[in-house]
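Chains as they are written, first to last, in this note's numbering: chain A, 1 to 194; chain B, 1 to 216.
It is worth saying that the hints were derived from the structure and are not from the lab. Since this is a predicted model, take the numbers as computed values, not measurements. A couple of the hints might just be wrong.
[Claimed, not checked] EDC-like mimics (lysine to aspartate or glutamate), calculated; alpha carbons at most 16 angstroms apart, straight line:
1) A:Lys181 / B:Glu41
2) A:Lys166 / B:Glu18
3) A:Lys166 / A:Asp187
4) A:Lys59 / A:Asp3
5) A:Lys59 / A:Glu5
6) A:Lys166 / A:Glu136
7) A:Lys166 / B:Glu65
8) A:Lys181 / A:Glu153
9) A:Lys59 / A:Asp14
10) B:Lys3 / B:Asp25
11) A:Lys166 / B:Asp14
12) A:Lys166 / A:Glu150
13) A:Lys166 / B:Glu10
[What the hints assert, rightly or not] Simulated restraints, written as ranges between beta carbons of each label pair:
14) A:Asp62 / B:Leu55: 26 to 34 angstroms
15) A:Gln41 / B:Asp14: 31 to 39 angstroms
16) A:Ser20 / B:Arg12: 16 to 24 angstroms
17) A:Lys59 / B:Gly19: 37 to 45 angstroms
[Unchecked claim] What the simulated footprint calls covered on chain B by chain A, stretch by stretch (three residues with Cβ under 8 angstroms from a Cβ of chain A suffice, anywhere in the stretch; the number is not a length):
18) 3-9
19) 37-43
20) 52-60
Cβ coordinates follow ideal geometry from the N, Cα and C atoms, glycine included.
Below are the chains, spelled out letter by letter.
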Amino acid sequence: MDDAELVRRCVAGDSAAWESIVRTHTRRIYNLCYRFTGQRQEAEDLTQEVFLRMFRTLKSYDPAQGALGVWLHRVSRNLLIDHYRATRRDRMTSSLDDELTHLGEKEAAPAQQDRQVALRELSATLQRALARLSPELREAVVLRDLQELEYREISQTLNIPEGTVKSRINRGRAELGRILKRLPGFDSPEGMLQ
Amino acid sequence: MTKWNCERLEARLDDYLEGRLAAADLRAADAHARSCSRCAEWFDARCATLWLRRLEPLEAPPGLETRILAQTVAPPPRESLWAVLGQGWTLVSQPRFAFGLAAAVFSAALALSALDVSLRDVRAADLNPANIYRAVNRQAHQTYARGARFVNELRLVYEIRTRLEAFRSDAEPPAPQPPPDPGPGEQPKPDDGNSVSGTIGWLYAYHQMTLVRTLR
Ligand SMILES: [Zn+2]
Chain A
1 MDDAELVRRC
11 VAGDSAAWES
21 IVRTHTRRIY
31 NLCYRFTGQR
41 QEAEDLTQEV
51 FLRMFRTLKS
61 YDPAQGALGV
71 WLHRVSRNLL
81 IDHYRATRRD
91 RMTSSLDDEL
101 THLGEKEAAP
111 AQQDRQVALR
121 ELSATLQRAL
131 ARLSPELREA
141 VVLRDLQELE
151 YREISQTLNI
161 PEGTVKSRIN
171 RGRAELGRIL
181 KRLPGFDSPE
191 GMLQ
Chain B
1 MTKWNCERLE
11 ARLDDYLEGR
21 LAAADLRAAD
31 AHARSCSRCA
41 EWFDARCATL
51 WLRRLEPLEA
61 PPGLETRILA
71 QTVAPPPRES
81 LWAVLGQGWT
91 LVSQPRFAFG
101 LAAAVFSAAL
111 ALSALDVSLR
121 DVRAADLNPA
131 NIYRAVNRQA
141 HQTYARGARF
151 VNELRLVYEI
161 RTRLEAFRSD
171 AEPPAPQPPP
181 DPGPGEQPKP
191 DDGNSVSGTI
201 GWLYAYHQMT
211 LVRTLR
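This is chain A alone, in the form it adopts within the complex (with noise of 0.2 angstroms):
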């Protein structure tokens, strides 16, 4: 069924299409609120809002404008970006330097542990050097690098042209890459490289 006629059946009151529709996109959106507040359960609230605005303009959704996916990226975009505008004083009173010493201090634990252990740490570290990235370059590299949208996708969910969304892409990754390899762990790519 594509996406047209999944909202279709939404409209017309079939919830099982509306179950659908969630139980497919929750963990993404989930994913995308969580990348881009680094906390929770802002991100679990914020999945919550993303949904309840969707159901309510469910009958706005046009498909020549993108997959259903792609709109609620766009829904949940346009929310974060609100949320991170009301949220702003309350980030401003954290100081660059707690930020900076909260950054490293995980990597100084010994290295030698388990797969899911690291996986999490690097979960963690990573998050925190997102959220140093400025809101537009973070929300483009997140929705290409973690939520894997295609160009023409992320340029119809920010609404802005293909080329923008590459150089904001690559410029994200390179200040990205400019504050992990200050980190412990993460100065000697060796290991990743073929």
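With chain A's structure known, arrange chain B with the ligand on it following the hints.
Just chain B with the ligand now, with coordinates in the frame of chain A:
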């Protein structure tokens, strides 16, 4: 395989960063980017991309889908709060009743605005306690203590209001009273009931303001 230089790297930048080159090209491009000051930032970018792609997506928290479905599967009636109040209005045409209703709406608006709930978004079904709970769930999590205080404050407000109403109904209907003796001393003033109810009224209004301030 030709040698990689800055121009070539920049021309194939997206493919390079995403690893969409033949293995030998990728190695040569890495070797150039690492040793070239102009391309150093792209080497950083390539490493960042590799790190990011090692991440696995997180599992959604247990129960999240169910909570989303619970919030959405039974859609709330589209009737707005104002429509419901409009219906109620025709039932309460008495001035006293109308005043009470207006005061109740005003108090509710204050309380809701204190909780950052926009009245425009409130629907009739939102007045269902479960929905109100959901709406304030997030704030309540963060500010449990404030929430507890809020309930206590509401109780106090309710008490003050009840007493205020009692004073008011004592004063009504305004029975014509003989002019009191202008004698000095402990003689109660004619507007005594009103001034007590007025004081409590002010206390109530002041309290509401404080309540809103503390909740913000
Ligand atoms: Zn170069």
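Hints, one by one, checked against the model:
For the given pair, Lys181 of chain A sits about 11 angstroms from Glu41 of chain B by alpha-carbon distance, which is consistent with the 16 angstroms threshold. Only pairs whose Cα atoms come within 16 angstroms are accepted, and Lys166 of chain A paired with Glu18 of chain B is accepted, the gap being roughly 12 angstroms. With a C-alpha separation of about 25 angstroms, the suggested pair Lys166 of chain A and Asp187 of chain A falls outside the 16 angstroms cut-off, and the hint is violated. A hinted pair counts as satisfied when its Cα atoms are at most 16 angstroms apart, and Lys59 of chain A with Asp3 of chain A qualifies at roughly 13 angstroms.
Proximity of Lys59 of chain A to Glu5 of chain A is assessed by CA-CA distance (about 12 angstroms); at most 16 angstroms being required, the pair is judged to hold. Between Lys166 of chain A and Glu136 of chain A the CA atoms are separated by roughly 12 angstroms; this keeps the pair inside 16 angstroms, and the hint holds. With a CA separation close to 33 angstroms, the supplied pair Lys166 of chain A and Glu65 of chain B exceeds the 16 angstroms bound. Straight-line distance between C-alpha atoms of Lys181 of chain A and Glu153 of chain A comes to about 30 angstroms, which puts the hinted pair past the 16 angstroms bound.
As the CA atoms of Lys59 of chain A and Asp14 of chain A are separated by approximately 13 angstroms, the hinted pair is consistent with the 16 angstroms bound. Restraint check: the Cα-Cα separation between Lys3 of chain B and Asp25 of chain B comes to about 9 angstroms, which is no more than 16 angstroms; the hinted pair holds. Proximity of Lys166 of chain A to Asp14 of chain B is assessed by CA-CA distance (about 8 angstroms); at most 16 angstroms being required, the pair is judged to hold. Distance restraint check for Lys166 of chain A and Glu150 of chain A: the Cα-Cα separation of roughly 10 angstroms lies within the 16 angstroms cut-off, and the hinted pair is therefore satisfied.
The hinted pair formed by Lys166 of chain A and Glu10 of chain B meets the criterion: a straight-line CA distance of about 12 angstroms does not exceed 16 angstroms. For the hinted restraint 26 to 34 angstroms between Asp62 of chain A and Leu55 of chain B, the CB-CB distance of approximately 32 angstroms keeps it satisfied. Between Gln41 of chain A and Asp14 of chain B the Cβ separation comes to about 36 angstroms, which falls inside the hinted range of 31 to 39 angstroms. Hint check: Ser20 of chain A to Arg12 of chain B, Cβ distance near 40 angstroms, so the stated range 16 to 24 angstroms is violated.
Between Lys59 of chain A and Gly19 of chain B, the C-beta spacing of about 41 angstroms keeps the proposed range 37 to 45 angstroms intact. Three residues within the 8 angstroms Cβ limit are the bar, and the segment 3-9 of chain B against chain A gives 0, so the coverage statement is violated. Counting residues of the segment 37-43 of chain B whose C-beta sits closer than 8 angstroms to any C-beta of chain A gives 3, which meets the bar of three, so the coverage hint holds. Coverage of the segment 52-60 of chain B by chain A holds in this model, with 9 residues showing a Cβ closer than 8 angstroms to a Cβ of that chain against a need of three.
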